[in-house]
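**Student:** Count the sequence shown with the UniProt record's numbering and you get residues 1 to 1124, in order.
Since the hints were derived computationally from the structure, they do not count as laboratory data. Heads up, some of the hints might be wrong.
Straight line, CA to CA, 25 Å or less: simulated DSS-like cross-link-like pairs of lysine-lysine [said to hold, decoys possible]: (1) Lys512 / Lys568; (2) Lys459 / Lys472; (3) Lys55 / Lys472; (4) Lys655 / Lys801.
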Amino acid sequence: MECITCKSPNRVIAKFCKSCGVAIVSTPATTSTVSATGASQFDELDALVGLDEVKAQLKKQINAAVNMRKAGFSYDKHNLFTILVGDSGTGKNTIVNALGAVLFKNGITTQNAVKAVAAAEFGEFARDLKTNIDNAKGGILFIDNVHQLVPSGYQPGQSTQIDKLYAEIESRPPDPIIVLASKEDGFREYLKANPEVNNRFNLKFYLPVLTLDQMVALAEKTIQDQRYTQQDSFSAKLKNRLSFLFRNQSDAEQAVKIGKGGFLVLKEVNNVISDHFADLDIQFPPQMLLETDIKGQVYIPKTAAEVLADLDDFVGMDSVKSFIRNLVNLTAIQQKDAALNGNADIIGAHMILTGNPGTGKTTLAKKLGEIFAASGILSSGHVIEADRSKLVGQYVGETPLLVQKACDEAMGGVLFIDEAYTLMQNDQDTYGQEAIDTLIKRMEDDRGKFIMIAAGYQKQMQNFIDANPGMKSRVKDNIFNLPDYNSAQLLQILRGFVKKGGFELQPEADTKAATVLQEMFDQRSRDFGNARDVRSLYEAILNKRAARISAATSENYDRILLEADVPKQETDLSTGVDVILSELNQLTGLGGVKTEISEVIDFLQGEKLRNASGTKKMSISLHFVFSGNPGTGKTTVARILAKIFKGLGVLPSDKLIEVTDKDLVSGYVGQTSVQTNKVIDSAMGGVLFIDEAYTLSKGISSGGGGFGSEAIDTLLKRMEDDRGKFIVIAAGYSKEMGDFLNSNPGLDSRFSKKITFDDYLPDELNQIMLSMIKQNGFSVDDAAQQTVKQYLADVYQKRDKRFANGRTVRNAFEDIVQIQSKRIIKQKNDGLPYDALAIMAADIPFQATKDVSVSDILAELNNLTGLQAVKNEINSLISFLEIQKMRQPAGYNSATALNLHLIFKGRPGTGKTTVARILASIFKALHVLPIGQLIETDRKDLVGQYVGHTAKQTSDVIDSAMGGVLFIDEAYTLIPEGNPNDFGKEAVDTLLKRMEDDKGKFIVIAAGYPGDMDRFVASNEGLASRFPKVINFEDYKPNELYDIFEGMLAKNELTLAQADTDKVQALFENMYNTRDEHFANGRSVRNLFERSMEKQAVRLSLLKQQGTDITPLINEIIYTDLID
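With the hints as extra help, turn the sequences into a complete structure.
**Tutor:** Okay, here's the thing in structure tokens:
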């Protein structure tokens, strides 16, 4: 039992509060006993005010228990284990006492006893838990304020004091009946995290706060039960007094003084009775309560005409006003009809209000409550405000409890659901659907007892209406859109604020305010606050007025608002745009980017001039695609563009919302659209910058696309629906962004502005580095500057897909500082002078390498045995490239260069790999390729083992070859004969695409047997055009095979016995003439050489064992070492 004076918990049987000593007032249900013969089995429950759902569920269980007992069956009392969740004054203690009496009366318990344990006493109670529970057997064990036993910041799995109770009741029969009571805060999360607790308690109730009608009924019943009578005028004043208290109990400060719910009523009745006997009027019977006994403020209801007059002060809303007037008139006529025939028709006035923030939805709902009460449509007209958090549960079964509670509290008034569209967030939101379904049932079951007003954005509210077909029939045509206020209405609202505040707006100030509000209206976005923004302007005016008066030297004081007090919107300042443009122009490089943006600015400024001349505003798309490698300044330029758009009045804000696919795409069905919309909402009025936007379209071309496709569709729809309210900049690699635009037909047309960010050139990289050095306070001498320049030129020359432009320079700078730090620390430790901010040439991680000349590389080629036809082809290619290099400075187009991808055809061992390595060096020496590395690969490196793996695997290998040569050995194995569906085909397709997309960035040499390579080239029409150059590697002739063998001997400091020269030459002659498909040219020679060394070792070992000195023979190979 909670003391109504100090709110301290007490035992149910307590007569006085243990904390403050004040007598405890009990409601009639608290002191109920078993009734005399003939009394109803539910008297104590029926005596409770309100709580219809609680009474219905408890009666259902009690009837089941009684009927099962009569039929000879056993009833499981676990079904009566109950959780009561409610605020102070919602009747938790009263319910428990009534239940105790009814259970005893119906023979379910053996005694009318409630063992009450407050949370503060539970620790002591739990010391001997088993015994204490046994002591409560035959009745009810009531644990109150359970939320106090849940630790603040509770985490799932965390132990609590009450866990001991669950463990104990799990192991024993359901005696006593267990009832838990708690406030809502903190306990909802606990129940969500502990479904086993929910399972142990069959009955759960979220208790509503008493409505005004229930408070009046409870007061009347309490007075009647204490055998008082009332003066005729007493009842009306009591209702008005309770109406005032009812409307103020939601205020936390007031609630401390007056109490809440049932406690408030009991306290007020006690005050009335005390005041009655404190000044007893002997003209009346002592048991008669008088109107004058009621002290304190009362609520004075207005007439319908008075409240409707207040409605006229609302700006706009003409359709709503007309509907309300018709409804009030209809009600008045029906009331007259009912007075004559006794039949009162029930009027359904549920409605939906749509509109942007600040259009007056909440204010209108509260005013409608007053109107409905004044006209007799509703009994109290109070407004219960709710949203998703108050209506949608967190675990199975909670949602109906929350909705029922909200509807119960709204009885006699208005249930106002703000942002009602969030109740059901997607098709999989079963809890949200359950909330709407439960709400619709209550709207029908309690028709005329409360009015539901749902509000939210116009477009999103359609989802709320469509969630259940019954919603449309419940609200009928009562759907009203409150449009954004126009500039004249915004000025009217401002004048209303000024008048209400007791100020006067100077004519010049009024004119300036009109201009400011016009600009505010023209630049509004989705988050435009309408009247809220006007209030912000009004408050800004008052702040400027206060500052003006405070700074004045004279003591003149008035309540006039001057022109100077009205703050000007900071928009369209050409000087501001010039300053922002200078910021753009100070960026290194980006010449093409700067030109593109300057053209956009010229158009926008021209458009403003045309608008000033009275022409109609053109609607153009300002969405951009920024394509280029990382570190080229895309994000920096996006930030500058956002400032420019604000400065030109294109957007009201210069905010830039930076996101990636992870911010837009959810891992759950139906959530991506919600997530993407939330991000777009946050960007309203500014710029949405989507980095690596191409990741959204991965898989779309192959028929997949997944959730990324949903994000793109949502983005496109919003770009159209909210045209001009925000700007999208999608950024990423050039090739990938092309794929992104091609993934959806709507993308290319929406992103009409496409700007390419080229890689920084070596001089620009050098300029960026020197700026970083200077900005960080370092100095750099001439020698170091020259080394930095060479270093960055080398970095640029060797750039690949990982090259990150400005970021690469930043990383290089940090490397330089790291090396410099090591140097100066060593100098300091060695006692040498040092300059902590000087960067020297030695600090640059670069060693200039001497370029190998083409003639040196050709010498290596010409030293190879045989291959004369190959050498001729390569010499011809070199000649072309050298002439091409000479042509370029003279103005010739480098596009006339040959396609340099090659096919090498020949048997194994003919030197294909060796020649490829030499060619890579030649291409580097001629600056055809920046790095010149040779990446050797074959089928196993390129072809994956499952669908989708091959393309990535092939691309990864190609990436490693960027700037060099990719040598594919046995390339024909990528297209096996008789297997057109082999994954190798995907590798070839990927290779061909990359050869086109990355033309000039790497060279491919495909090698293999002549016949197989012919089949390979014929398998795909793209191969022949990509590989126009074929070099044939003929088999080595017998003398060339002998020369190769001699070269191997010489390299290993071995010689062939002079006497065996002719025999060995004949051996190679025979090898050549008898060659078959297993003949491997140079490899066959190597195999023969290695076998000869093994046989020589065996031969010399035997001679040594026989005592022969083998020293003169150790470096000699003889004929018999070569034959079996």
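**Student:** Are the Cα positions of lysine 512 and lysine 568 separated by 25 Å at most?
**Tutor:** The given pair, whose Cα atoms are some 8 Å apart, holds under the 25 Å limit.
**Student:** CA of lysine 655 to CA of lysine 801, is that 25 Å or under?
**Tutor:** Answer violated: lysine 655 to lysine 801 is near 31 Å, above 25 Å.
**Student:** Just to be careful, I want the Cα atoms of lysine 55 and lysine 472 compared with a cutoff of 25 Å; is the pair within it?
**Tutor:** Measuring from Cα to Cα gives roughly 32 Å; hence the hint is violated.
**Student:** What's the verdict on lysine 459 and lysine 472, does the C-alpha distance respect the 25 Å limit or exceed it?
**Tutor:** Within the cut-off at roughly 15 Å; holds.
Going through the hint list in order, the structure does not satisfy hints 3, 4.
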